Amino acid sequence: MNNINKLLNRLKVISLFGISQVVSVLAIVLLSLIIVRFHSVELWGEYAEILIWTNVFLLFLSFGNNDYLLKLFSKNPSNINQQWTNNLISRSILLVPSLLLILFIPIFNHLELIIFIVILVQFLNQSFKSLIVYHRRFTLNICIESSYLLTLILLVFYNLESLNLKLLLEIILLSQGLKLLLFSIALLKDFKHIKFQFQLLELKKSIPFFIPLAVGTFRSKIDAYYGTHFFSVSQLSKYQVFLSFLALSQMASTFAITPYLKNYYRSSNTAIKKTQKKFFVFGWGFAVVATVFMYVAISKIYHLDFTFQQYGLAFLFMIPLFLHVLLVSEYYKRDQQYKIAFFASIVVFFQIIIGYFLIKYWNINGALLLKLLGQWGIVIILWFWIKKQK
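Numbering (the numbering used here), first residue to last: 831 to 1220.
Calculated from the structure, these hints are not laboratory results.
Incorrect hints may have been included.
Stated by the list, open to error - Heads up, simulated SDA-like pairs for lysine to any residue below, C-alpha to C-alpha not over 25 Å straight-line:
id, residue 1, residue 2
1, Lys1019, Ser922
2, Lys1103, Lys1169
3, Lys1130, Val859
4, Lys1051, Asn909
5, Lys1051, Pro927
6, Lys1190, Thr1100
7, Lys1104, Phe1214
8, Lys1108, Ile1216
9, Lys1034, Asn885
10, Lys959, Leu933
11, Lys1130, Gln1106
12, Lys1051, Ser1064
13, Lys1218, Thr1100
14, Lys1107, Lys1217
15, Lys1217, Phe1112
16, Lys905, Ile919
17, Lys1103, Lys1218
18, Lys1019, Asn909
19, Lys1169, Phe1110
20, Lys905, Ile962
21, Lys901, Lys1034
22, Lys1107, Val1155
As the list claims (entries may be wrong) - Across the chosen pairs, the derived CB separations fall in these ranges:
id, residue 1, residue 2, range
23, Asp1165, Leu924, 19 to 27 Å
24, Leu1004, Phe1187, 38 to 46 Å
25, Ser1129, Lys1022, 50 to 58 Å
26, Lys905, Ser870, 46 to 54 Å
27, Gln1065, Ile1184, 14 to 22 Å
28, Phe1187, Lys1022, 55 to 63 Å
Predicted model only: the values in this text are computed from it and were never measured.
Note that CB positions come from ideal geometry on N, CA and C, so glycine has one too.
Given only the sequences and the hints, what does the whole structure look like? Please build it.
Spelled out as structure tokens, the structure:
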């Protein structure tokens, strides 16, 4: 009976964590649906290009804080609030080079100021993730993300006829501002006797977590970066919709491990090995279900056409997602973050070379093939190296 209750409790935590993560991605999915179906494919393509590059800035500003802080919290749980504050203040210095790049690199169509403010608010919102995951405040996160989603969708519908890129960014800023207010009220009320101090050492300690994250993100998104150069606005819009559903599948791969990351660091090698094998097998069934869901949603709801070959590439891409998350976590457990960055850099090197030609000549097919090769490449390398060490 105790084992059943323990299992049910774990399923509850995993489900709540999964829902809390899906809601944030769902905002992008529903936003794209409304704009594509009821306004124009071109507007979504314009925003998709900005979204791709603003996410690069957000990755830089995060500086690996989530994984770094979760491990730090596990080692010293009595000082979480001060640790979180120190990290946020230290990372804030990164806003200066980000602002300069946004102002002087001509890729944001004279919308630099509002884009920077949107990035600033998202930077603050993302900082709460480590507190939510460690304290398992997933119900709270679901409520706040749902409030953000509802506000965003209602404002877009209300302004649908006059909607343009600038107005869309203003709506997103207002919705993100509401999220920031709610997070601050709910999570900062217990922050008492906190010292506000800048510690450069915080950034230095985060580097082993940031470098693998940055290289890994570049590896997984290089197809989208090339797409902003080779695709037309309509093609980029269409491809970004497809990527949104792939993002949902990637997010699902984190549901089973992230809520128990602090326990995972203490697991034995035998337990980790069994878990990896189970989730690799599970990945095949998951890929089937996810691909069918993608096809129904994209073709029947969005009314966008993708080929059988493209859905097949998506299916093959999704198979090793769960195994990838577990392998990365195992490297983190062994404090071998730099190994991940090194292996991912090798994959990125080949992706940069072949990606140019794949996407230039094969368009969306080439982009998906590049994404597939990158995913399987890193999983195979991580698997064989960690087994060699054992």
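Cross-check of the supplied hints:
1. Lys1019 to Ser922: Holds, at about 21 Å.
2. Lys1103 to Lys1169: Within the cut-off at roughly 19 Å; holds.
3. Lys1130 to Val859: Holds: Lys1130 and Val859 sit about 14 Å apart, inside 25 Å.
4. Lys1051 to Asn909: Not OK: Lys1051 and Asn909 at ~36 Å, beyond 25 Å, violated.
5. Lys1051 to Pro927: Holds, at about 22 Å.
6. Lys1190 to Thr1100: 45 Å, violated
7. Lys1104 to Phe1214: 16 Å, holds
8. Lys1108 to Ile1216: Given that 25 Å is the threshold and the Cα spacing comes to 17 Å, the pair holds.
9. Lys1034 to Asn885: 22 Å, holds
10. Lys959 to Leu933: 28 Å, violated
11. Lys1130 to Gln1106: 35 Å, violated
12. Lys1051 to Ser1064: 19 Å, holds
13. Lys1218 to Thr1100: 15 Å, holds
14. Lys1107 to Lys1217: 13 Å, holds
15. Lys1217 to Phe1112: Holds, at roughly 21 Å.
16. Lys905 to Ile919: 21 Å, holds
17. Lys1103 to Lys1218: 13 Å, holds
18. Lys1019 to Asn909: Holds, at roughly 15 Å.
19. Lys1169 to Phe1110: Given pair Lys1169, Phe1110 holds - Cα atoms ~22 Å apart, limit 25 Å.
20. Lys905 to Ile962: 17 Å, holds
21. Lys901 to Lys1034: 15 Å, holds
22. Lys1107 to Val1155: Given that 25 Å is the threshold and the Cα spacing comes to 13 Å, the pair holds.
23. Asp1165 to Leu924: 19 to 27 Å: Hint holds: Cβ distance 24 Å, inside 19 to 27 Å.
24. Leu1004 to Phe1187: 38 to 46 Å: Between Leu1004 and Phe1187, where Cβ atoms are some 43 Å apart, the hint holds.
25. Ser1129 to Lys1022: 50 to 58 Å: 54 Å, holds
26. Lys905 to Ser870: 46 to 54 Å: 51 Å, holds
27. Gln1065 to Ile1184: 14 to 22 Å: 20 Å, holds
28. Phe1187 to Lys1022: 55 to 63 Å: 58 Å, holds
Going down the numbered hints, you'll see the structure goes against 4, 6, 10 and 11, while the others check out.
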